[in-house]
Structure formats: structure tokens, C-alpha cells
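Number of protein chains: 2
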Amino acid sequence: MTDAPMTASASTATAGEVLARYLTEQAGNFLRALPQAVGEAGARPGALPSLNGASGSGGTQELLRAVRRIGGALHTYAAVLEPGWAQESRAELRWLLNLLAQEPAYQRRSARLLAALDSLSGVAPAGEAGGPGMLAGHPGAPKARALLDRQLTLARTRAHSAVLQELRSARLHALADRMTLLVGEAPLVDPAGGRAEDVLLPQAGGAFGALGSAVQALPLRRASAAYQGDALHRLGGAAPQVPPQGRTAAAGDADSALAADDAPWHRVRILLKRVRYALEVCGRPGSELSELDRVLDRHQEAADAAVTAATAARTPRITPATAYVLGVVHADQRLEVEAARFAFGSLWPDLPPSLDGWEGPPAQRTG
Amino acid sequence: MTDAPMTASASTATAGEVLARYLTEQAGNFLRALPQAVGEAGARPGALPSLNGASGSGGTQELLRAVRRIGGALHTYAAVLEPGWAQESRAELRWLLNLLAQEPAYQRRSARLLAALDSLSGVAPAGEAGGPGMLAGHPGAPKARALLDRQLTLARTRAHSAVLQELRSARLHALADRMTLLVGEAPLVDPAGGRAEDVLLPQAGGAFGALGSAVQALPLRRASAAYQGDALHRLGGAAPQVPPQGRTAAAGDADSALAADDAPWHRVRILLKRVRYALEVCGRPGSELSELDRVLDRHQEAADAAVTAATAARTPRITPATAYVLGVVHADQRLEVEAARFAFGSLWPDLPPSLDGWEGPPAQRTG
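If you read the protein sequences in the order shown, they are chains C and D. In this text, residue positions in the first sequence follow the working numbering: the first is 56, and each later residue adds one. In this text, residue positions in the second sequence follow the working numbering: the first is 56, and each later residue adds one.
Accuracy of the hints is not assured; some may be wrong.
Far from chain C, some chain D residues (derived; all Cβ distances over 10 Å) [stated by the list, open to error]:
(1) Val93
(2) Glu137
(3) Trp140
(4) Leu190
(5) Arg205
(6) Thr212
(7) Val244
(8) Asp308
(9) Leu326
(10) Gln355
(11) Thr377
Label-pair ranges, simulated between beta-carbon atoms [unchecked claim]:
(12) C:Pro197 <-> D:Arg276: 29 to 37 Å
(13) D:Asp253 <-> C:Ala170: 45 to 53 Å
(14) D:Leu152 <-> C:Asp173: 37 to 45 Å
No wet-lab data here; the hints were simulated from the structure. Because the structure is a prediction, the values reported are computed rather than measured. Note that the Cβ used here is the ideal one computed from N, Cα and C, for glycine as well.
Input sequences plus hints: build the corresponding full structure.
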């Protein structure tokens, strides 16, 4: 896939031309990936291990990629697009995103948690540095593994059924029709006639500004000091959702406290993706943003995996040994969350604080 | 307490004079602290919370301080001392150290684990940054707290009984007699007549060399990278004690694997204390070493606390919720172990690689 750069020859192009070119390309990607994704889903009677890699199968992955980019562009450059159409399209794209993203997310979570458990309970291969993990030989490890595997396979199967049910639905056909129209002509409005650099860059700058403000609100100073133990001991950033007095002893308290702690980071992840895609429209892929995006994906996946471990520990009739292992796994995943925040804090200050300093449209990268 | 520095006027002193002065002072400290420690122990019918602070009561603390220093000096400067006497004295001092150190160690462990649990399961005081910990409101937290408190109180009471039983024993009286003799005259042998700087400094250098070699063998490069997850996932340094094949699923496997992983660090802690005390004899207190010593004390205490949490999780008939919380606490303490290693790795490279560069005896610090 190639981006649609705001090329040197396109520096006189209108905002509408640049945006339409990007949307046309992404809608084309959508339409090529859709039948492939449908075929792949139909070929898997359930959630099979043959679902390759950690990010779903090829067609689904390409489809998700296009959905995210079109949705992001419609959001950031809303001022150039017909409002009613853009809003409806975004809602339908969000629906498809939520539908499609679940199965690969469960698969990645399963891979993450089982790998963590195997690493914690395994021994290093001969000749490799290091000895066994802290759960080596623990009797609860195989049971905890089987429990997590069973619960995540069930969740994946359900997500797969939901996909199968919707992939031939009228709703999806209507969305595909929308994308077909988009390949032909994006429904633009007045400001689209302005010069691309005058119209699109300020809007990308707005997306960057929203990201910067959200990052400002993160407890970055704490996250940038290694081993503060904050992820386990003292959650930061969000206002506590658990009232200090009169709490009932419900395990859900801890979950909601962690969720409140993670929320601003998840919000930053969404804003960062928007900036990435907004810059793609302007022909600036932004590799630093890709790295930060991966860090925040890791943050989200570790946070979700931690919830799965905590939830599995509340399964009725498990043994204390199983629950103990799940406690270790939960803490381990929260440590991954903390590590991702640390990594984000280390990477962020190297980025430009805003887009204000940009001198018009960027030069073309591909010559 | 003042150290016995190798003063400017003492730069012509013999090794025997310098060492005897140090031993006399420390033996005096021993004899002053002993009746105080006996009185304190007798005044506590059991292991009461009135046992102040984290390091045992005043007399016991002073006694342990003197015992460690005399034992260290006898070890490092063995060549200057009558061998049979020095060896016997060290064995008896080790016995007393093991006897006395247990009760305050259990108290510190109890304080550490209960504080960790309270922090993990508590909420931040109003106005303080940060929200609740990851176990906020978890139903297993109060039960796990009560279990740890009960088990550590029992262990402390047992340690206290052992102290009470021995504090008036013939064995302790004999050791006190040894210390009384030491105040009068240290049993020196031939090399003690040489100049202090010629005789003592090479021996302190030998202790430093042993420390340096032991530190070289530590997986310091891994410890110096934050968030490698090694403490949980992949233990390093020691050869694994768990055979990769044919392991039986005993929880003790994980304990012994962790113990093997910690062993070289515990060994470095002992060697570092020896160097500290050896330098004190030469009038060089060495503040960097005190800081490293504290880091390794923290390493040891976190490792011991992790074992206690893992052991408590094997108590019969506990609930899965309790076991889950203990799993989180175990992982949290292993994270503290990793944090201490990280801190050690950050501090160590600033130290001189050896004592070879020293130009004779150090200048007096107190003017």
C-alpha cells in the first residue's frame, strides 16, 4: 500500500483533491479486502489456531487498516466533508471496526497471556542465559493455563460467530456501497476548494493539539521514573472512581479503579492514531508516531490481558493454586502496562510540541 | 559511635595497633549493648509491637552492629590474628548474629508485606495524587493480610523465645568473656608489627577484589535495563537448580529456582559488608558502600518477603481470593527485588574498580 502524498506537483492542489485521493485509495483497499475477509471468516468454522499471526488473517487485517484510516480522515477533516454523510459513515465504520477487531484481539490476548504463563512457569532452553521463571514447577500453572485458554477460546468463538452473522448482512452491504461511492467521488463541501496546505494542515494541527493536551494530562513524570511501583500500588492520572469511605468489598472495585487509571492512556492512543492518519493524508507518514502507536497498543493489550487474568481468578470452584498463579499473571501484565508507560514517557519528549512550526506542506519523501 | 581512623599521627602506627584499637572499640560497644539487649528481650513477654522501628530495639540493634563489625574485621584481617582464636570467635559471633537477627527481620518483613498489601488494596488519602491500588476493594485482601500477619507474628514469637532461651546461656557468657578479653588485648600474630598501611590495606584490597569478582559474575547488564521483566520471567546469573526434564510439579521448584537466582546477590551483600567494615578499620567509612549496602539489604528483604508470600499461599484451606492476592503480593515483592538490582546496577559503575590506586593510608576525615 502506498500513501497519497501531497507531492511537489500537488502543492497547488486543492484540499478536496488531496483528501479525495486519499479516501479513494483507502476505499479501494476496503473493497479489495472485504471479500477476502468474508472468505477467510467463512473458511474458519470456529476460532481456529489457523487464524494466522497476532493480528488476524490477511484480509481482515487489511480491512481493519482501511476502516481505521477512512474513519480517522473523516473525523479530522470533517470541515471539508458533507457533515451528515461523514457522521453516518463514521458510525458505520466504527460498528465494523468493533465487530472485526474483537476476534484478533482475543487471539492476541490469548497468545500474550499463555506466553507470559509459559515464560513464568517454564525453564530456559539449554544454553540460553537465565534460569527458570518465578512460577517454575508451580502446580497452579497448568490449571491456570487451561482456564485462560478455555475462557479466551470461548470468547474468540463468540466473536467469530458475531462476525459470521454480520459479514453478509444488509448493514455491511450498505457500508460497502458507501465505500464504492467514495471511490468515485468524496462528498466535499465549500472549504475543499482552498489550497491543501491552507485547509488541511491547520486541521491536522488541531488533531495534534488535542493529542498534546491529552498527553499533558498524563502522569508522565511518574511514568518516566522506572520502578516506582505505581502500576501496582498507586494508580495515577484519573480521579479515583472508588469512594474512600463506605466501600463494599467487591472485586470489581479494583477493576474499575484500574479502568479509570488506564482511560486517559487509551484516549491518547485514539488521538495519536488520528494524528497518524491525518498526517498520512498530508503525505507525512511520521515514523515516530508509529512507534508511539505500537507502545500504546501494547499498553492497551496488557491492560486488557490483566483484566482477563483478574476475571479468570473469580471463576467459581478454582483451586487456590490456580488463583495464586492468576494473581502473579495479573501483576505481571500490570507491570507490562507500567513498562509501556515508561517507554511512552521516554519517547514522547523527542517529538515536536506542535505543528505550528511547519512551513507549509511537507516535501515529498518518495522523490 | 565513632570509628577508629588510621589518623595522620597513626600513619606510623603498626597494623596491630590500628586493628586492636578498632576491635577494642567494637568489643566495648558489644559489652555495653549486651545487657541492654538482654533487658529489652526480657521486658517483652512475646513479640510485641512495642519492639520499635524496623531494625529491632536499640540495644539489640547496637549489639548486631558490633557483632557484624567484629566478625568482618576478624575475617578480613585474619592474617594478623591468632588463627584458632579468630576462627572460634567468628563462629560464635555468627551464632549470635543468626540468633539475634531473626526477630527484627521478621518484624521488618511483616511491616514490609503489610504495608505493601495496604498500599495495593488501599486508597490514597484525600488530596494526594493518584487513586487506589490494583487490589482496591478486593475481597481477598483482608484475608491475605490477616494470614500474613498471623504467620509472621508466630515466626517472630518463636524467634523471640529462642533469643530469651539463649540470652542467659553459658554460650553467650563465654562469648561475652571473649569480648572482654578483646577489649584488653587482641591476640595478634607476627605481621601485626608491620606498618598499618603495608599490612592492612592489601588485605582490605583483597576483600575489595573478592567483591569485584562477585559483582562481575552478576547479570548486571540485564539488571541495568529497566522493565526487562527478568525477575518474573527469566531468572539470571545462577545455574538453574531445576532440571529441565522430568520435573515433578512441586511448588518448591519455583522457590528453589528463585533462591538460586538470588544467591549470588546475597553473596555480594555479604562481601560488600566485609569491605565496608574493612575500610572502617582503615578509617575510610565509604558512604557509597553504605548506599549499596542498603540497596542489597532491600534486595534481601524483598526476596525473603516474596518467599513468605509464596509460602503463605500454600496454607491449606485458604480461599482462591486470598491466594490470588498473595500471588499479586509475591509478584510485587519480586518486582522490588528487580528494582533493587536495577538500583545496584546504576550505582556500581561509579565506584573505583579496585583499591590498587590508593596512595597509602587515607587522610583523616575528622580533622
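Structure-based check of all given hints:
1. Val93: 39 Å, holds
2. Glu137: Non-interface label stands for Glu137 (chain D): nearest chain C Cβ at 43 Å, farther than 10 Å.
3. Trp140: Trp140 (chain D) is indeed farther than 10 Å from all Cβ atoms of chain C, at 41 Å.
4. Leu190: 5 Å, violated
5. Arg205: 16 Å, holds
6. Thr212: 26 Å, holds
7. Val244: 44 Å, holds
8. Asp308: 3 Å, violated
9. Leu326: 22 Å, holds
10. Gln355: 17 Å, holds
11. Thr377: Label violated. Min Cβ-Cβ 7 Å, cutoff 10 Å.
12. C:Pro197 <-> D:Arg276: 29 to 37 Å: 33 Å, holds
13. D:Asp253 <-> C:Ala170: 45 to 53 Å: For Asp253 (chain D) and Ala170 (chain C) the Cβ distance comes to about 59 Å; the hint is violated.
14. D:Leu152 <-> C:Asp173: 37 to 45 Å: Since Leu152 (chain D) and Asp173 (chain C) have Cβ atoms about 41 Å apart, the given range 37 to 45 Å holds.
Of the numbered hints stated above, those contradicted by the structure are hints 4, 8, 11 and 13, listed in ascending order.
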